[in-house]
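Participant: Protein chains in written order, with the numbering used here: chain Y, -14 to 458; chain X, -14 to 458; chain A, -14 to 458; chain W, -14 to 458.
No lab work stands behind these hints: they were computed from the structure.
Check before you lean on any hint, since a few could be wrong.
Same chains, same label: a pair holds when it works inside one copy or across any pair of copies.
[Stated by the list, open to error] 30 Å max Cα-Cα, derived DSS-like pairs, lysine-lysine:
no.: 1; residue 1: K143; residue 2: K199
no.: 2; residue 1: K323; residue 2: K439
no.: 3; residue 1: K321; residue 2: K141
no.: 4; residue 1: K141; residue 2: K54
no.: 5; residue 1: K321; residue 2: K143
no.: 6; residue 1: K300; residue 2: K131
no.: 7; residue 1: K54; residue 2: K323
no.: 8; residue 1: K439; residue 2: K300
no.: 9; residue 1: K323; residue 2: K141
no.: 10; residue 1: K54; residue 2: K321
no.: 11; residue 1: K199; residue 2: K357
no.: 12; residue 1: K300; residue 2: K150
no.: 13; residue 1: K143; residue 2: K323
no.: 14; residue 1: K357; residue 2: K54
no.: 15; residue 1: K141; residue 2: K357
no.: 16; residue 1: K321; residue 2: K150
no.: 17; residue 1: K199; residue 2: K300
no.: 18; residue 1: K143; residue 2: K131
no.: 19; residue 1: K323; residue 2: K131
no.: 20; residue 1: K131; residue 2: K199
no.: 21; residue 1: K141; residue 2: K131
no.: 22; residue 1: K131; residue 2: K374
4 protein chains.
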Amino acid sequence: MLAEIRGLNEECGVFGIWGHPDAAKITYYGLHSLQHRGQEGAGIVVTNGESLYGIRGEGLLTEVFNEGKLENLQGYSAIGHVRYATAGGGGIENVQPLLFHSQTGSMALAHNGNLVNANGLKHQLEAQGSIFQTSSDTEVFAHLIKRSGYISLSDKMKNALTMVKGAYAFLLMTETELMVALDPNGLRPLSIGRVGDAYCVASETCAFDIIGAKFVRDVMPGELLTINDNGLHSEPFTLSTNSAICTMEYVYFSRPDSNIHGINVHTARKNMGKRLAAEALIEADVVTGVPDSSISAAIGYAEAAGIPYEMGLIKNRYVGRTFIQPSQSLREQGVKMKLSAVRKVVEGKRVVMVDDSIVRGTTSRRIVSMLKEAGATEVHVCISSPPMKNPCFYGIDTSTHEELIASTHSVEEIRELIGADSLTFLSVEGMLEAIGRPKMNESCGQCLACFTGKYPTEIYPDTVLPHEKELVR
Amino acid sequence: MLAEIRGLNEECGVFGIWGHPDAAKITYYGLHSLQHRGQEGAGIVVTNGESLYGIRGEGLLTEVFNEGKLENLQGYSAIGHVRYATAGGGGIENVQPLLFHSQTGSMALAHNGNLVNANGLKHQLEAQGSIFQTSSDTEVFAHLIKRSGYISLSDKMKNALTMVKGAYAFLLMTETELMVALDPNGLRPLSIGRVGDAYCVASETCAFDIIGAKFVRDVMPGELLTINDNGLHSEPFTLSTNSAICTMEYVYFSRPDSNIHGINVHTARKNMGKRLAAEALIEADVVTGVPDSSISAAIGYAEAAGIPYEMGLIKNRYVGRTFIQPSQSLREQGVKMKLSAVRKVVEGKRVVMVDDSIVRGTTSRRIVSMLKEAGATEVHVCISSPPMKNPCFYGIDTSTHEELIASTHSVEEIRELIGADSLTFLSVEGMLEAIGRPKMNESCGQCLACFTGKYPTEIYPDTVLPHEKELVR
Amino acid sequence: MLAEIRGLNEECGVFGIWGHPDAAKITYYGLHSLQHRGQEGAGIVVTNGESLYGIRGEGLLTEVFNEGKLENLQGYSAIGHVRYATAGGGGIENVQPLLFHSQTGSMALAHNGNLVNANGLKHQLEAQGSIFQTSSDTEVFAHLIKRSGYISLSDKMKNALTMVKGAYAFLLMTETELMVALDPNGLRPLSIGRVGDAYCVASETCAFDIIGAKFVRDVMPGELLTINDNGLHSEPFTLSTNSAICTMEYVYFSRPDSNIHGINVHTARKNMGKRLAAEALIEADVVTGVPDSSISAAIGYAEAAGIPYEMGLIKNRYVGRTFIQPSQSLREQGVKMKLSAVRKVVEGKRVVMVDDSIVRGTTSRRIVSMLKEAGATEVHVCISSPPMKNPCFYGIDTSTHEELIASTHSVEEIRELIGADSLTFLSVEGMLEAIGRPKMNESCGQCLACFTGKYPTEIYPDTVLPHEKELVR
Amino acid sequence: MLAEIRGLNEECGVFGIWGHPDAAKITYYGLHSLQHRGQEGAGIVVTNGESLYGIRGEGLLTEVFNEGKLENLQGYSAIGHVRYATAGGGGIENVQPLLFHSQTGSMALAHNGNLVNANGLKHQLEAQGSIFQTSSDTEVFAHLIKRSGYISLSDKMKNALTMVKGAYAFLLMTETELMVALDPNGLRPLSIGRVGDAYCVASETCAFDIIGAKFVRDVMPGELLTINDNGLHSEPFTLSTNSAICTMEYVYFSRPDSNIHGINVHTARKNMGKRLAAEALIEADVVTGVPDSSISAAIGYAEAAGIPYEMGLIKNRYVGRTFIQPSQSLREQGVKMKLSAVRKVVEGKRVVMVDDSIVRGTTSRRIVSMLKEAGATEVHVCISSPPMKNPCFYGIDTSTHEELIASTHSVEEIRELIGADSLTFLSVEGMLEAIGRPKMNESCGQCLACFTGKYPTEIYPDTVLPHEKELVR
């Protein structure tokens, strides 16, 4: 992704299916609809009941797989993963699913989330002789399973789950079953679908639509699923659950056509826009959204405010890894990259620019300045979420406190820094109401940590932010 | 592009600049913003005043060029081209700019459009000994220039321009100048910009925004521009001009942030949507547009109709050439490709689906059926342009009469075929008004041939449709 | 190729076949055995009797073609080409076969050689309106054919052949026939083979062995062959022929397993080595050859001299275009590239180092120094051809007079420059005898121009050396 | 590799260097000269004293690395690996060096060889909780090191070395040192070199020549080297050593310019050829060798027998992974692949064909038949090593007993199967004498297991052949 517009980055999407003759292909299409959750690496592991075999690689799914490679992945069950990694590297060894071989069978593991006690667990495991080839939490979990004294895989897994803390959606596949576990807070989204006789699981429901699967239900916090040739078996691995799904999934990460806990993401976003208009009605001529993630909120704002929605900003499709970035001198000369302002739409107008969040403020500053250069007389920035003041320890790459502009600056200071004529954030209450969770308390069902600082799990002095892992290496 | 959604295809975009130290790079970024006009091939030719040197290749701009290749294109002037080609091939030899060498100097030529008398000219030229290495009109024009008895390049070019008929935006570059010609009807868009001291030309104004250039003016029909170290010189090459710019540029082809003849494309589209609502107000619950090109019109329709605009259809980004297409059996099982319907948005709703045009009807049928499967109770299809009944001879790949569903079927028959509950087309008058051209007569300034059958130029029995050229080979 | 060891470079190999169901594949394997004649570009054009279709690309044959591309080239006749090009460029447009389309049919043309009057012909053709898209002679010949007033292709071709001078082996294919022409001196090798019922032609007979074809005979100087569904028809296009095949084909270019005019190349080279020993018997401990082209001569020398042949120099396989060249500082530190001396073999020994030719002397100097560093007490350089004093105008990239060290220095001066203890060249008579052409006069059947300066054709003031063409661009 | 000519395959080459500013580049060139030892994967890990960073990939070194990637590997020490893998896969996870991270530092490990007790060790380690991500022995060794109770790395390594049996040349690098261990029999070659102030180690001495390093000495069986900023420190890790270097390194694997235990490989091979002539002098007209590995022996045979050495077989360069293999029907029609017989050289001749070994006999049969088709009246096959009757457990991919033709057939039976007029194998004594090891007893210093069945180490019922590992997966 381009540094210019990078701000928030999700850590991965997962997909799994058990008992389908086209398991690898179905997984390919499923992962494809989850590509927005990670573009740095992709992998699929299949099983034919006798062994596990996989292909992984760096880059987009379409770069890692081709017809021939997919044909080679014969089997009737599969799990897959798309991965986000910080620019500095990552390397092929961190691309999932990880595959472990032993004399008694193999095991593939894919993970979406972040374990807050990974560091402590690693110390323990290393003291017992474990060695690590990756910098991912996933490997820690594999070691815990392996080291469990229990006999059955289900018991081993439950045992291991008692030791990990944080956010996780684990998919574990052996020659005979697919196990799925979601953390007790259900921090990451994970849903169950059915295509023909086969069960599948995915980080987002949009994966079911693309493969023609029917949505069955969401995986519950603290639930352990076992899917095998006998069907789907569910049991809780803990009794202490407290639903707290990541609110940023609604605000920014998930695809608009996905539904999380029964709530459509596009609808939630549109409602955020409407609610924002209700909280702070700006007098303006046009409303515009920052593509792609803020379009829904902008339309909602426009509808509620009775101000026309216009395409005041346009995204340059085709910008990807292979795009040649303009040098500094060319940028100074005015060469744009990912976004352009549409002069005819904003010239001489008072513009409401709706965006979903402000992380470091640099992107907002660029866009405001772009709109003003294009002739906007006023630019009012409306953010469809509250100020983000606290780092996330659950799998989202939001830097540290120092880098979060709202952590160190008042709203007025931020407004001045980004050069806007006004700056409005949606209230936490407004956001929850837009999602359909009216009560703002412990049991609202949402994780609000990045806004409120109230983390649903313990946090430790050595809890590692995702983006710091790479530095450790 | 995917067969499923292919319908209309533009034939190319051009960009040129004279007198800038970063000529090749500026051309790269300019072409990048024109990538939607052609994804099958790209090329850039530069000159340093002493010779011409170029690189061309099949695929996207980012696939053809890398940092190293671009570095090698040293020079202070350049022209570039992005090309659309029918699936069957094309081949590297048809990728432009074409480069011709002679003892007295070299010449590079890039072309957007289609000559209606190319076949006749070829017969003449071959009889005189010309040989052809490509199947493009561009080569015909090069021969005409070479064979002109005139001495100066400007006279040669004017001479050649007297012989070609049809739609064309030519960019011709030698070691000492850049010449630009637009056909007497100005069928293709072409604009002049200025970046620093350098003049540039581009198929669309969005190219100027991306490179930080200022819009100067549109090239006029029948105008011949000469740009060299002395600046820009303009002269008419014919006195019989009759502006008739392609209306589909507003409806479908151009980028929403481009302005054609001073009219913003997004605004024109939004107006088409509004006007469509005025002409046929449907009672419905939601309005949705087919991404990406119909979003503006859908928003206009929603605004005028007072019905909420919703994201009822979502496009799967990341689908490209390297995406593995689902097999027939997987498709039957429900595997989608480029578009998904958003169930939560359309379920139980009466949906107005706005699209820009219907070519063969197959795509519309698929989308209607997708919406109904997702639970829409009614699907009303509103097309923001009139029925397309006649083939285009000016550079757009709209098949023959037989393939144009509106050429052989009534609106009611089409409605039935695509399975819609109602089908509305915008009137020609409404479309013109939306663009801001109220009068529908010879001098409305727009080419309406595909709707009305009135072609602004002569058409010959052997006039070749763009997509037929490949077959001829 | 690596600059370090570049010296002589052939200009291309050609292959053609008429009437075989696997025409493209056969051509692929045939060209593969000719890959040593050109590694910069490759192309194949096929015909199914109705049209011509081709694929060309830069790089090795295996880089240009894959299974899928080859499958697409369906047809029962084909011609192909492998191309050498100077480092500076070339570009895809110069890769052959060139393909020309006209209303009455298409024509593909592949060429091995160099026309000495190409420049003059170009002037004439341009004056008549011809335009050129490549810098190759091949295009000139296509224009001559097209412009011929004759009706039949055979007459057109004979007419065009009266106008070109120099070295050429032309393969021309239309939908209905394959025509083959060899210049009146037969400067380039060209042979006829038969595989099943199909006739084929190739630059070297090794192509026949690889495809399981039987050698029929060599094409004769001044012969025009027409191969079509009626078989092979031969006729002379000129009565003034004077066989003068390039002697360097025996010395350096051709593959050891090819036979030229009935003489095996390996055998000729071994004889050159023997004869060299007869002319100048050196007292030494070991004989070594510079791989790969000088091994045969070295073995012959060793056999005749009664000195053991040893592998004193070894070539680093796997060095190709993608090998990362050591920087200057690494080279100074001793990092080698393509060749290594085998210390154990040469240490403390008096070494006879046999090489086929000296062009600029730089390679020889490097090898001598490498052998001495590896402990050779004496290095005696024996060259299995006479001093090369004159540039070649017939398709071999031997620089200008100034660059040919033997043109400006005496043998003793060269010896000193390359640091050898002695330096011996084979005499012209010895070389001819080794080939089996005992008489050194006009009718020896060999071109000796680079050694003697007696060119078998006219040479003009504006005759262009192959490597200069690129500069002209 | 091509199935047709595959027979014996080495398992890897290693290179390491400590204390050189261009460590990664030097390693690149060193590995390049070892590319013949493994073409399926390559990797380099560097350290700058603070962390370890590496790049690995499938394919040739030149496919895995480019200028940019190599630039990224900044550091002053490095180890690298080239890997052979059976066709069926391997996968990126098996490409070395393996890299292990822990809270106290990282460790990279590269290995050439095969552990005969790997399976037993794995059982033990898994019981203690170890998990495995690769199918390589290397990972087993890493676990042993990690689990050692000792404090210093040197002690940990010595401890681990007491537990592994078989053939190994280990390179282990941390942030502060490079450790090197060779098995007590010294089954694999491994040498020490010096370039400037830096020490380097390599599987073959040819790597030193290419990088301009001086040969210091061979690593001794049972020796543990520690190389760090204080220089090189050596100590034995066992007192029970018994030199038994793989004899096939002389016969087939190593590069002719390498020296093993002071003996040049080319010279040893030439001596084998001479000795073969002494043991069985055939009356014939020409001697030819199978390129490339048998050329030295053939030259030796010719010299000793007084029969001319000729190039009767020629190898098609440029045949690689991307070469399109001829279909069965094309092969039957006579399309060749890697080797061709030179008709002019062998026609009507009695040919001695020297090859280094016979594994399954299929290749020999093809070559004999090729020579006869090319007109050889007699083909006498002379093998420069004894019959290979026993599988190798030390890192060479020689199939099982059943597949080794000499294990199940007499020499006369083999002769008949391959269609030769006579078949001669070199005697074990002759081979040893050629290498310069006159005594054939326990202390001859060579491993002769594949010829004699006397394995220098224990072998266990579950000892896994290298090529079987993939099947296990």
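Participant: Run every hint past the structure and note whether it holds.
Facilitator: Hint check results:
1. In this assembly of identical chains, K143 and K199 lie within 30 Å of each other by CA distance solely inside one copy; the values are 28 Å within and 58 Å between copies.
2. Taking the closest pair of Cα atoms, K323 and K439 never come within 30 Å of each other, the shortest separation being 35 Å inside a single copy and 40 Å across copies.
3. Taking the closest pair of Cα atoms, K321 and K141 never come within 30 Å of each other, the shortest separation being 53 Å inside a single copy and 38 Å across copies.
4. Taking identical chains as interchangeable, the C-alpha atoms of K141 and K54 are never at most 30 Å apart, the minima being 33 Å within one chain and 41 Å between chains.
5. In this assembly of identical chains, K321 and K143 lie within 30 Å of each other by CA distance neither inside one copy nor across copies; the values are 52 Å within and 36 Å between.
6. Taking the shortest Cα distances, K300 and K131 never come within 30 Å of each other, neither inside one copy (47 Å) nor across copies (42 Å).
7. Within a single copy, K54 and K323 get their C-alpha atoms only as close as 32 Å, which misses the 30 Å cut-off; across copies the closest is 22 Å, which meets it.
8. Neither within a single protomer nor between protomers do K439 and K300 lie at most 30 Å apart by alpha-carbon distance, with minima of 35 Å and 36 Å respectively.
9. In this assembly of identical chains, the alpha carbons of K323 and K141 never lie at most 30 Å apart, being 48 Å within a copy and 41 Å across copies at closest.
10. In this assembly of identical chains, the alpha carbons of K54 and K321 lie at most 30 Å apart only when taken from different copies (21 Å versus 38 Å within one copy).
11. With identical chains, the CA atoms of K199 and K357 are at most 30 Å apart between copies only, with a shortest distance of 15 Å across copies and 47 Å within one.
12. For the homomeric pair K300 and K150, neither the shortest alpha-carbon distance inside one copy (39 Å) nor that between copies (36 Å) is at most 30 Å.
13. Proximity of K143 and K323 under a CA criterion of 30 Å is satisfied in neither setting, with 46 Å inside one chain copy and 40 Å between copies.
14. Within a single copy, K357 and K54 get their C-alpha atoms no closer than 49 Å, and across copies no closer than 35 Å, so neither meets the 30 Å cut-off.
15. Taking CA atoms no more than 30 Å apart as the test, K141 paired with K357 passes in neither setting, with 60 Å inside one copy and 46 Å between copies.
16. In the homo-oligomer, the alpha carbons of K321 and K150 never lie at most 30 Å apart, since the shortest distance is 43 Å inside one protomer and 37 Å across protomers.
17. When the C-alpha separation of K199 and K300 is checked against a cutoff of 30 Å, the pair qualifies only between copies, where the shortest distance is 20 Å, while the shortest distance within a copy is 33 Å.
18. Taking the shortest alpha-carbon separations for K143 and K131, both the intra-copy value of 12 Å and the inter-copy value of 27 Å come in at or below 30 Å.
19. Within a single copy, K323 and K131 get their C-alpha atoms no closer than 46 Å, and across copies no closer than 42 Å, so neither meets the 30 Å cut-off.
20. When the C-alpha separation of K131 and K199 is checked against a cutoff of 30 Å, the pair qualifies neither within a copy, at 34 Å, nor between copies, at 48 Å.
21. Taking identical chains as interchangeable, the C-alpha atoms of K141 and K131 lie at most 30 Å apart whether they share a chain (8 Å) or sit on different chains (24 Å).
22. Proximity of K131 and K374 under a CA criterion of 30 Å is satisfied in neither setting, with 39 Å inside one chain copy and 41 Å between copies.
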